[in-house]
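Respectively, the protein sequence lines represent chains A and B. Going by my numbering, the first sequence runs without a break in its numbering and finishes at 322. Going by my numbering, the second sequence runs without a break in its numbering and finishes at 506.
Some clues are possibly wrong.
With a Cα cut of at most 20 angstroms, we get these calculated SDA-like pairs of lysine to any residue [to be verified]:
(1) B:LYS380 <-> B:PRO244
(2) A:LYS240 <-> A:GLY217
(3) A:LYS47 <-> B:LEU55
(4) A:LYS316 <-> B:SER190
Don't read these hints as lab results, they were simulated from the structure. From a predicted model like this one, the values you see are computed outputs, not experimental measurements.
What follows is the residue order along each chain.
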Amino acid sequence: MTKRLVGALITSAVLTFGAGGAATAAECIAPANPGGGWDFTCRQIGKIMFDIGAVDKPVQVTNMPGAGGGLAFGNVVNERSDDTDLIVAASTATTTRLAQNAYAGMTADQVRFVGAIGADPGVIVVAADSAFQSLGDLVEAIKADPGSVAFAGGSAVGGFDHMKPLMVLKEGGFTDITKVKYIGVDGGADAITQTVGGFTQAMTGDMSEVVSFLSNGDIRVIAVLTDERVPGFEDIPTAKEQGYDVVAVNWRGLYVPKDISDARFDEWAGKLQQVADSPEWAQAMADNGLAPFTKVGGDFQSYIDGLVADIAALSKELGVTQ
Amino acid sequence: MDILANLAIGFGVALSPYTLFLAVCGCFLGTIIGALPGLGPSNGVAILIPITFTLGLDATSALVLMTSVYYGAMYGGRISSILLNIPGDEPALMTTLDGYPMAKSGRAGDALVLSGVASFVGALLATIGLMLLAPSLARVAFLFGPAEYFALYLLAFCTLGGMASNNQAKAALAACIGLGIAMIGVDSSSGLPRLTGGNLHLYDGIDFLVAIVGLFAIAEIFFFIESHGKGSSIGIKLDKVTIPWKDIMATKWTMLRASGVGFIAGILPGAGASLGSFLAYMTEKSIAGPNGGFGKGAAKGIAAPEAGNNSAAGGALVPMLTLGVPGSGTTAVLLALLMTLNITPGPTLFSERPEVVWGLIASLLIANFVLLAMNVPMVKIFVRILMVPAWVLLPGVTMISFVGIYSLSGSYFDLLLMIGFGVLGYFLRKLDVPTVPVILGILLGGNMEDALRRAMTLSDGDPMYLFSSPIAIGFWIAAIAGFVAPMFLRGVLKKPQKHPTDGPID
Numbered sequence: 001m002t003k004r005l006v007g008a009l010i011t012s013a014v015l016t017f018g019a020g021g022a023a024t025a026a027e028c029i030a031p032a033n034p035g036g037g038w039d040f041t042c043r044q045i046g047k048i049m050f051d052i053g054a055v056d057k058p059v060q061v062t063n064m065p066g067a068g069g070g071l072a073f074g075n076v077v078n079e080r081s082d083d084t085d086l087i088v089a090a091s092t093a094t095t096t097r098l099a100q101n102a103y104a105g106m107t108a109d110q111v112r113f114v115g116a117i118g119a120d121p122g123v124i125v126v127a128a129d130s131a132f133q134s135l136g137d138l139v140e141a142i143k144a145d146p147g148s149v150a151f152a153g154g155s156a157v158g159g160f161d162h163m164k165p166l167m168v169l170k171e172g173g174f175t176d177i178t179k180v181k182y183i184g185v186d187g188g189a190d191a192i193t194q195t196v197g198g199f200t201q202a203m204t205g206d207m208s209e210v211v212s213f214l215s216n217g218d219i220r221v222i223a224v225l226t227d228e229r230v231p232g233f234e235d236i237p238t239a240k241e242q243g244y245d246v247v248a249v250n251w252r253g254l255y256v257p258k259d260i261s262d263a264r265f266d267e268w269a270g271k272l273q274q275v276a277d278s279p280e281w282a283q284a285m286a287d288n289g290l291a292p293f294t295k296v297g298g299d300f301q302s303y304i305d306g307l308v309a310d311i312a313a314l315s316k317e318l319g320v321t322q
Numbered sequence: 001m002d003i004l005a006n007l008a009i010g011f012g013v014a015l016s017p018y019t020l021f022l023a024v025c026g027c028f029l030g031t032i033i034g035a036l037p038g039l040g041p042s043n044g045v046a047i048l049i050p051i052t053f054t055l056g057l058d059a060t061s062a063l064v065l066m067t068s069v070y071y072g073a074m075y076g077g078r079i080s081s082i083l084l085n086i087p088g089d090e091p092a093l094m095t096t097l098d099g100y101p102m103a104k105s106g107r108a109g110d111a112l113v114l115s116g117v118a119s120f121v122g123a124l125l126a127t128i129g130l131m132l133l134a135p136s137l138a139r140v141a142f143l144f145g146p147a148e149y150f151a152l153y154l155l156a157f158c159t160l161g162g163m164a165s166n167n168q169a170k171a172a173l174a175a176c177i178g179l180g181i182a183m184i185g186v187d188s189s190s191g192l193p194r195l196t197g198g199n200l201h202l203y204d205g206i207d208f209l210v211a212i213v214g215l216f217a218i219a220e221i222f223f224f225i226e227s228h229g230k231g232s233s234i235g236i237k238l239d240k241v242t243i244p245w246k247d248i249m250a251t252k253w254t255m256l257r258a259s260g261v262g263f264i265a266g267i268l269p270g271a272g273a274s275l276g277s278f279l280a281y282m283t284e285k286s287i288a289g290p291n292g293g294f295g296k297g298a299a300k301g302i303a304a305p306e307a308g309n310n311s312a313a314g315g316a317l318v319p320m321l322t323l324g325v326p327g328s329g330t331t332a333v334l335l336a337l338l339m340t341l342n343i344t345p346g347p348t349l350f351s352e353r354p355e356v357v358w359g360l361i362a363s364l365l366i367a368n369f370v371l372l373a374m375n376v377p378m379v380k381i382f383v384r385i386l387m388v389p390a391w392v393l394l395p396g397v398t399m400i401s402f403v404g405i406y407s408l409s410g411s412y413f414d415l416l417l418m419i420g421f422g423v424l425g426y427f428l429r430k431l432d433v434p435t436v437p438v439i440l441g442i443l444l445g446g447n448m449e450d451a452l453r454r455a456m457t458l459s460d461g462d463p464m465y466l467f468s469s470p471i472a473i474g475f476w477i478a479a480i481a482g483f484v485a486p487m488f489l490r491g492v493l494k495k496p497q498k499h500p501t502d503g504p505i506d
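This is chain A alone, in the form it adopts within the complex:
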């Protein structure tokens, strides 16, 4: 046991201070500190790629936190744009920030998005004792008096958690979105605390953030923002079936540098597809509250383009970008 610990200490020291040693092994950049969603993406996908033989050496994970992923994005665009052995963890937050020009002028077309293999479904939540029984109740209340409902979410104003209720409201015919109250707090659990405490009337976030509160009976999920009901949560209605055609999920995926060859891009797409099809990934998704959501290759790139355009338009309307 001691040997293992010492070995691990040395390994981590090497990883921390001597990054870049092994030139041939693939590297996955997690643009955040260890422990977050992007870190999870890199470590799980990297591990499974090696375990199923998609890569012949273990994928090395580098944490590059800063500016909500902006530092890593800048590093890839400016310094490593032809690195064929580099993959970078990404999620909806990446595209939201790109759409809002929050990466100091860098744009989504400066990298290539390989694919997403799993997503955390968006949810709209109210306290268990709330008068709102359905998404319709909530939308109608806001239409009648926009000041009467405040949302809390784990992302800053203009972040994806803020966008979710706005998309629903627009779909429901309410267009004066700057009137909608939203406060950004420190994470989904904090947002639930504020909602259960009665300081805000609804919470907007991801399914994985609300599960333990749901089984405790503190909250009710009035809508999940997916195409179909989520396996394991069949009693939660989708927004779509309540008449609001909104799909908003926090996908987990990868991007690669722009200047690699098409052949290499397709190779990465193939490896990612292999991971998506593996039982190991199915298990990892189930363990972490992710729903299946596989879009790989060119298919994914067009999805990203659409998403960026949508969020950019909404952000402009909201006033968070010019």
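Go by the hints and put chain B onto chain A.
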């Protein structure tokens, strides 16, 4: 009886030789991480997370290791505060105020042992509090909305005026500099960057570790160079470590009160341990009055912040485990660790995964006793690390600070920023402006602003919202009293000068 049965489960998990070994390793690593400026509990835990992956540790073992590091860092932070006047991490900031003067007057050993005992008392009481009260205390977080948080931070700022400075205007100036620095970064209430000059490195704001290392350690280097080592404050002698029973007995009520204050501050999601040690120190200072000798090496001035920050560290685990809401920066990292281990903290954790929760509580108790042993009889080991001559120590500390900060962000920008803070710290010291309020401004200012902005969003800009609950009003009254009272009391309280260690005042 339930608790005893649960605790038995916990010790069953935590008392295996392997987990005990991990606890000892964690305590030792944590103490060193805490003692080294530039490495605090939150980045210490963050750096070590990949190890739990590499080792393939199961959930309980990983938690034992990480919480031992967490508690260890809380103990270790005081060592460099006392011996070097450089806080080892942000919760140890307040310990410099009395710990260093006491060490300078030749009682470094006493200061270390006393603060070690205070840490133990604070951490032990907090762990017991966590054990007995966690599920019911979790509901406290539901009572705190933006208005209540704003009033709480306001209370902290209103008592700042009484900080250890001869000149209150300078303390206020320093706090304003800190507040200004806290404004840098993406504003969470509008999503727009502020004062960043378009530089991506500034989007996340300024890490207070960078500020602490710059203002204290780097500034110290500049002084050292300027005076060729003569004007430097480094060079405390430590001969024999004895147990100062008299000081410990004299501060027993201080430790208990500070543990209480710290625990409550820890439970509230927010600034966590730093706020806990600050409020504990200011409470004791106001109880002792102007003649308590605070700021000059008072025993109570050492016991209060240490009991406060360790107890807040335990308190911060309450919202993390029961709600999944981190009460401090370090618990945010621990929370992330839990998620990667596939444990979702929340209201159901205590019933669904009792072996994890009670194993954790048992290992906290074990870690506490291990740490008491490491930090009282064996404190010399850690001290020896810091006892090399100043001309070796200072560059060494600086180098470790640079490596520590660089390993966090991987960017040279933070290093430049750190040097910038060093220059700022040098000039502030030349001008006799205290640097502690600068850090407090950075630590608490951002949180206070967020709370105010959220309150204004919810109330459509109606300021009366800030007084809308009994809790908020209570904090407002305390804040106003804390601000105004010293002005009047100073004239009234003309008691004869008392020696700071003379018997308990209450």
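Structure-based check of all given hints:
With a C-alpha separation of about 16 angstroms, the suggested pair LYS380 (chain B) and PRO244 (chain B) falls inside the 20 angstroms cut-off, and the hint holds. About 24 angstroms separates the Cα atoms of LYS240 (chain A) and GLY217 (chain A), which puts this hinted pair outside 20 angstroms; it is violated. Distance restraint check for LYS47 (chain A) and LEU55 (chain B): the Cα-Cα separation of roughly 14 angstroms lies within the 20 angstroms cut-off, and the hinted pair is therefore satisfied. With a C-alpha separation of about 13 angstroms, the suggested pairing of LYS316 (chain A) with SER190 (chain B) holds against the 20 angstroms cut-off.
Of the numbered hints listed earlier, the single one contradicted by the structure is hint 2.
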